[in-house]
Every structure is written in structure tokens, then in C-alpha cells.
Amino acid sequence: MLHVENLTYQYGTLVVLRGLSLHLAPGQVGLLFGENGAGKSTLLRCVAGWTEPRKGSLAVDGATLRGEDREYRARVAFVPDTPDFYDELTAWEHLHLVGQLHRLPDWQDRATHLLERFRLLEHQGALPFTFSRGMRAKLALCMALLISPPLLLLDEPFNALDALARQTLWQALRAHAEQGGAVLFSSHSIASGVEPDVLLHLRDGQIEPVEPPDSLDLTGLLAQN
Amino acid sequence: MWHDLLTLSQLEAKRRARQIAYGLRLLGVERTDSRLYQAYVVGFWLFWLFAMGAFLLDAVEQLGRALLADDAAALLDGVPVLVLFAQLAYLVVVYLNPPLKLAAPDLAYVAASPASRGAIALVRFVSGMLLPASGLALAGSLAALLFAWSLDAPGVARIGARAFWQTFALALLSAAVGWTLALARQNTRSPVKHAWWLVFPVVAVGAALLPGAILWPGRVWTGAILNASIAHGPLLIVAIGVALAAVAAAGSRTHMAQVMDLSQMYARIHRLGMWGFLEASDVITRLRAQSRLARKTRLRGRLPHTSGAVATLLGQSALIVARLSPGIVVRLLVAGVTAPSVAIALVRLGGTSPVQTWALIFVALIQFRPREALRVYQVPVDRPFVRQFLPRNNLLRFAGQVALPLAIMGVGAALAAITQPWVPRGIALPLVLGALLAQALCQALDTARLPDATMPPVRYEYAILVCGALVVGSGLVVGSVWAALLALLLVDLGLALLLSRSLPA
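Chains as they are written, first to last, in the numbering used here: chain L, 1 to 225; chain A, 226 to 730.
These are calculated hints, taken from the structure and not from any lab test.
Cβ atoms here follow ideal geometry from the backbone N, Cα and C, with glycine treated the same way.
Certain hints may be false.
Said to hold, decoys possible - Label pairs and their computed distance ranges (CB to CB):
no.: 1; chain 1: A; residue 1: 596; chain 2: L; residue 2: 5; range: 40 to 46 Å
no.: 2; chain 1: L; residue 1: 134; chain 2: A; residue 2: 235; range: 41 to 47 Å
no.: 3; chain 1: A; residue 1: 529; chain 2: L; residue 2: 25; range: 40 to 46 Å
no.: 4; chain 1: L; residue 1: 27; chain 2: A; residue 2: 529; range: 35 to 41 Å
What the hints assert, rightly or not - Derived coverage of chain L by chain A (criterion: at least 3 residues anywhere in the stretch with Cβ under 8 Å from a Cβ of chain A; other residues may be distant):
no.: 5; stretch: 101-111
no.: 6; stretch: 123-135
Could you put the whole structure together from the sequences, leaning on the hints where they help?
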């Protein structure tokens, strides 16, 4: 599904990612962790095609970012830690716009279902800039889950969410993977019940694969970073 | 009320004293400096002010003596109407920018206290208007001296002093009327608050039926020069008293939560700094739009159910235009009229052959880029999260999100082209519309990436210069304006093709 080879990114003279490679198979949920400033968000932005890496190649489902830019982007959705929306459109209208643009046949039912699951249904008529950080994160997740692209990238998705929404999100991510998609998310802390398939430790600009421990050990592992 | 007035005035006086102390520090005077040094610095700046004032007075006297008496008298006749226009302009300003704003400490302590709202409004009014009114009074006094010297009126010093006081009083009076109306409008619910616009036709009708009353402020000022305004003094004082009472009365009904919201928004704008209005106008526009939308209890319109990306994006852009202030339609029309009018005027004045004419037209096209038309299109450029859900073809997005605002601009441009009697409409209309489309496409390309990584980004200014040179060159070489039109159509086509192949920035 996702193939990253020899990815290098630097801010001025500071090299953040040094020839990094990683692979994620369909149906896998990957957790990216590392210290502050390790380059987790930079890596996710590079994979999403929001930032141009200095070197390296990126491919999702066979489409490369350099060669088939539009096809590549059609297969990826990235939810950053601070998503931004149209000021003039309500939460529902954002989902309406996305559903119609992507010609999803049953977008209304799916959008209603997602808003209900994330407990945003009663705020569907409100403008997102009036939302709290957690509500904005939920709306962004609803938009990404509505189109459900092959690869979902999430930057610190659990941070702003309440306990119930964390559980809902994890169930949604797991369901997405079970349908053949792949998920890569970064996190510093983990909710109980969250058990990623792949652990990717980002250190010194490189990925160090870690054996997936059980969730109790995982919390300890993240606490060390 | 009186107790609150006293307390708030003391608070304001302390704040002003701190500001003066800060200003003095900038001039080199510290509180801890010796008295002798303080006297020296104050004396130095007083001498400097005196020298500058004398220079200014001398310049005004020379100008006044050079101005013919007949011309000065004719100008003086027009002053009352000018004053009326200035007052109306001020009303528009306070309509767009409600005047009652509170500083951060006031938001925390004063607004939340049970202090009289009328007292808060009155103290803010007096404190906010004293300096501008003094500045206007100085300018009014100098203008009066100019006329007095030109007309060789007796008692020039007395005229200057009288004009100073009367300009000061008139400025306070006009500002008080503006504040009262703005505060009353802020407190009123829709649709009554839209009746505020009736002020303008009422003033226009008043000026026609009772010119003496509507033009009274301007006539008071001209009377100061013609020695005919002594009787206006008591009337002015009474009018100011009534106007201040009206400010307090309108202020007492102030919805403080609204004032606090607006104050917070202006504090965020203020934080952008002195040049924020020029360099961060998009941020300011967004903050204002957010503040306006957040106050709405019912949003206008809804997204239509359509099939197809372009139709959906058209619906989205129409909805956003409908939800923004109605001013956006006026701004689009004005923006549409401006560039063609300037270009047509330049061609009319300079002819089509001189290089200078075309250089100036290119400068105008670069300066008047159609930013407003691309507002919706531009949003995802700054917000990549939203961008990833939109069509990846930039031309498709352009067709959906720019068509409607560009059409409104096109109406303005068409009006500019067809209302010029000496311009052949058959050719002017397609030329103007084609040029507008080219401008919009260049602006859209400015924020896109070309698919070939080795190609540099297409900057708006260069694109306008190259495309403009092609169009003008074709017209001049073939010697026909139809050749220029054909070149323009080809340029539009080429730009559209380039945009369709471009990638998001």
C-alpha cells in the first residue's frame, strides 16, 4: 500500500528525515512515535504530499507522487493536528461538499452516521470556526472517513478527543483497515484498547521497527518517548 | 451614572498619563531625570514645535496671498457641501467599524462590572475623540487662515482662533452624531437595524428641502472667516451638550457582550501591527467575516444538491458570496469597473502608439489584480486540509469557484466599456472581458505549480507582462485591433490549458 524509500527532508541545515524507508501493507494500522521534534508531522506531511521532500520516492497503491501526482493524492487523506475549514460553511455543508464532489452515492446516510458516532449531529448546523479544538478534530476525521481513501494519515488524532471519541475513532480506523485500507497515525499517548499492527519508532531521522507489544507495554513504551 | 463617570474618567486619565509618559520617553524624557534636564528637553521640543509652526504658518500665508480672492470665495462657497460629505463619510466609517471598543483591561474589569454602560460609552467617546478633534481643529484653523489671507479679511489671528474652536466643536458634534447612530444600530435587532441606511436619503432630501439645517455645520465654519458666526457659539455648545447626552443614552442600551466580541476581534487585528492593513488584508477580511458570521443566528442560503464537480463548486461559491457581507458584490462591481476604466482613460489620453501608454496600462493591470474574484478559489491554497477534498484539476476548480464572482466583475467591466461613448462597443466589450479572464487565470496560476518540476512558478506580474506584450504586439504589428482580440483569445486559451495541467502549490 504505502512505500517510502530513502526519504530525506531538511529545514535549512537541519536534517529531519535521513534516507528513511517504510512500508505499510493493506489492512495494517501503523503507529508512528518518537520524541518531540523527531519529524513525525514532517514525515506525515511528506507522505500526504503537502511538503516536498529533498530526496526519496513515495508510492501509494502503485501511484508515485512525482509521476502520478493527481492519482497519488486521490488515494491519500491527511488529518493534521490543527485542521482548517471554510469559515462560511457549516459542519454539515462541509460533508455535503465532500460527498457531492467525490460523487459518493450514499453520502448523506454515511455523513449522518459519522456525525452521530462522533456526537456532532446536534452541531451540524454550526460553523466550524466556532467549534472547540476537539470538535474541529472530529469534523476533520468525519470528512476523511467519509471519502475513506486507501491510505489515511492522522497527526496526533487522539490528542484533542474525549475518551468516547477516542474509542469511536479507533473502531473506525480498525474498520477502515479491515476493508483493505491502511492507516498511519502519530501519537504520544494511547487510549486503552488501541492496538496498532505496526510500531514505527522515528529516531535520528530513521525508522526503527519495534515488535508490537500488548497495550499495557505500549503505554509504557510511549511514555519513554 | 455620575459616580461611574468620575471613576471611569480617572481611570482614563491615568491611562492617558501613562501614554504621555511613554511618549515622553520616546522623546528622551524619563521620570527619573533631573528637573533641569526635563526642562531642557521640554524646552527643546517646544522650540522645535514653535519653529515648525512658524514655518507652516508662513507657508500658509504665502499660499493664501497667492490664491486669488475670487477663487477663494468660490471655494468657500463649496465648503458646506464638503463638510456634509465628510460627515457622511464618517457615518459610513462608524457603520463599517463600530466605534465603541474596549481595551483588554476594560474587557476584564470595566465591561464585567455593574458600571453604567452610558458612562463607559461617554468616557470612551471623549477620550477617543479629543486628539482627532484637536488635529482637525488645527487643520481647520490653518485652512481658515489660508482663506482669510486670500480674502484679506481683518483680524486674521481672531479668525484662526475662532476657526480652531469651531472646527473642534463641529468635529465633536459630528462624531457624537455618528457614535449615537452606530450605538443605536448596534443595539437594534434586524430588520430595524438596516433602516440605518435611511440616514443617507434623509440627509439628501434634507439638503434639498432644508439646506440651512443640513449645511449648518459647514456654514458655521465659513462664518468664522466671514465674521458671521459669533451667534453660533452658544448654539454649538448646546448642540454638543445634547449630542453627548445622546451618546450616553444610546450607550446605556449597549449590548456589552457584542462590544466585547468586537473589541476582541479588533484587538486581534490591532496585533497585526501598523502595516497589517496593507500586508495582511486577507487576515483582516477573514477576522471580520468570522466575527460577522458568528453573530448571525440564521445563515443565509444552503448548498444545492447537484451532480458534477463544477455545479457543486458553483453552488459553494454562490453560497459563500451570499453569506459574506453584501458589500462583496459592490466590491466586485467596483473592481470590475476600475481596471478597464483606467485602461480606457489612458488610451484616450495617450493614444495607442506610445510605449508609455502601454507601460501605464500594464502597471494598472498588475495593480488591480482580481483578488476578490478569486477569494473562494484562494482559500484552499492556505488551507491544505480543505484542498485535498477538492478536485485536483485546477481549471475545474477555477470554473466552479471563480465563475460567479468573475461574472459579477464582468458586469462592472462591461459597464465601464459600453458607457464610454467614444469606444466602439463591438470590440471594447470582448477585449475588456477577455483581459479580465486573462487576469483571473494569471492570478490563479500564481498559486499553482507547473507539472514539470524544472519550470519556475508563473508569477502574476510576469504573466501579465508577457501576455500583455503578446496581445499589444499582435495588434500593433498587424495594425488591427481584431488581431489583438484574436491574440487575447489565444492567450486565454493557453493560460487555461496551463492551469488545467498545473498542480496545487
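Right, here's what the structure says about each hint:
no.	hint	result
1	596(A) to 5(L): 40 to 46 Å	holds (41 Å)
2	134(L) to 235(A): 41 to 47 Å	holds (44 Å)
3	529(A) to 25(L): 40 to 46 Å	holds (41 Å)
4	27(L) to 529(A): 35 to 41 Å	holds (38 Å)
5	101-111	holds (count 3)
6	123-135	holds (count 4)
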